[in-house]
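Respectively, the protein sequence lines represent chains A and B. First residue of the first sequence: 1, per this note's numbering; consecutive thereafter. First residue of the second sequence: 1, per this note's numbering; consecutive thereafter.
Just so you know, not all the hints are guaranteed correct.
Quick list of the computed label-pair ranges, beta carbon to beta carbon [as the list claims (entries may be wrong)]:
(1) A/Met40 to B/Asn237: 52 to 60 Å
(2) B/Glu153 to A/Ala31: 38 to 46 Å
(3) A/Trp190 to B/Ser17: 49 to 57 Å
(4) B/Val144 to A/Pro212: 43 to 51 Å
Taking lysine to aspartate or glutamate pairs in the DMTMM-like style, the calculated list, with each CA pair at most 25 Å apart, reads [said to hold, decoys possible]:
(5) B/Lys88 to B/Asp16
(6) B/Lys86 to B/Glu153
(7) B/Lys88 to B/Asp151
(8) A/Lys179 to B/Asp126
(9) B/Lys150 to A/Glu72
(10) A/Lys85 to B/Glu153
(11) B/Lys128 to A/Asp200
(12) B/Lys86 to B/Glu236
(13) A/Lys47 to B/Glu236
(14) B/Lys86 to B/Asp126
(15) B/Lys154 to A/Glu121
(16) B/Lys234 to B/Asp126
(17) B/Lys25 to B/Glu152
(18) B/Lys116 to B/Glu52
(19) A/Lys85 to A/Asp200
(20) A/Lys11 to A/Glu121
(21) B/Lys234 to B/Glu121
(22) B/Lys234 to B/Asp151
Just so you have them, the derived chain B footprint on chain A, three or more residues with Cβ under 8 Å [what the hints assert, rightly or not]:
(23) 53-66
(24) 196-203
The hints are simulated quantities; they were obtained by calculation from the structure and are not laboratory data. Source: prediction; values computed, not measured. Backbone N, C-alpha and C define an ideal beta-carbon position, used for all residues, glycine too.
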Amino acid sequence: MANNLMVLVRKDMLMEWRQKHTLYGVGLYVASTVFAIYMMSGQPEAKQWNALFWLTQLFVAVNAVAKSFLQEHPNRFRYYFTLVKPTTFLMAKMIYSSSLMLVMSLISLMLYSILLGWPLEQGGLFILISLVGSISLSAVFTFLSAIAARAQQNSALMAILGFPLVTPVLMILSNLSLKAISPVYQPGWWVLAIVLLALDLLVIILGVALFPFLWQE
Amino acid sequence: MAGDSSMSKGLQGFIDSQMRLWWWKVLCVACLAFATIGGMLLPVPRLNILNETIRNLYYHVPMWITMMMLYMAGFAYSIIYLRTGKLKDDIFAYQLTATGIAFSVFGMITGMEWAKYTWGEAWSNDPKQLGTALSMLIYFAYLVLRNGMKDEEKRAKISAVYNIFAFALLIPLIWILPRMVDSLHPGNGGNPAFKSYDRDFSMTIVLYPAFIGWILMGFWIASICIRTNMVRYKQENRYQYDIEKNSANA
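For reference, chain A alone in the conformation it holds in the complex:
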């Protein structure tokens, strides 16, 4: 199973590498989003910077992760169905979209530091939180894009389904990253971090449990 998983992930990455225009498309989407924010807000205060950063992550996640299920032709899923177990397939997609999202969040962080300034006290901690955040966002949106793909809808449906579900996750993430911005004592920080990890675990378990039902015709 681990072997199949790695093959599937490699296949997705290879496809991404060969069709570079979609990869550049997402990169350009990130760049133009950050640039539009910069045009409107200049260099905001640390708290606004944080809020804008997580909003950007949300929109980037919708666009980057939508590719995981929505870009493939529905008929090809029948072919995959004959090859691997559904849970392997979902895990492969989740790994692929999280790694894509990790790269995109690093790019947006870099663009933020160039255009909107770097108001962080603990840069390393913020990068760590944004990496964990991109994994949580992409896990939720991968599953929702599977739902949208099976319903033969576009990424707009994914956004409708996903925004209310990830809003609390974004709240937790932005509260966590406040620690990296200003060295204020936050009493419940570790509890919040554990809650976030538990939520991620819950999303993955639910996805693995429910995906086989979604998969069958």
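Given the coordinates of chain A, work out where chain B should sit on it, guided by the hints.
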């Protein structure tokens, strides 16, 4: 999975057998009549700011409890549907959840009306309100997802999967979110909740019948929706069946 399905069959058998009976409908009407009239007329504790608005407790809290019960029942039927694959269970899951959505709207309206008199404005970005707004959005998205699909089997399966995913995530989120920000809502941050009024016999005597009455009312509405849709489903399938039979004869 065989062992589990016998349990779900027991539950379904019980619900099927009780759905058409009258005893719980009489109980529902009696409880609601008592709770509505008693809620308006019986004495309540005199408290600052709250004053007579405390009577809203008899209408607002039962709405949320009924909503939660209906969502839970819809969630259970979504799981049962994924197990059995019978469209009958999908009709149950959808109608229970849709009735729950209606009750969430009632709960929101009664809460906002109360907040207007005690907090000064109908919407004050209270975390409880935010959490409720999020859960309403999640379930409205369920309606959008479901009504966007034509194929019955597929619609049933996908909406069951989303219902389970959303409900299982909603419960922890509803518990976490209000604890991240201070709330004005009774029961948070030193504001008294209805537990502290429980000692007051005059409120308990109305509140519990109100809970029972409104929960039964929610399931009554849902059962009527389920039964009309079952009739429609059977008729539509009979029509399809007739066409198939005629085309086979011709």
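Hints that the structure is at odds with (numbers, increasing): 4, 13, 14, 15, 16, 17, 20, 21, 23
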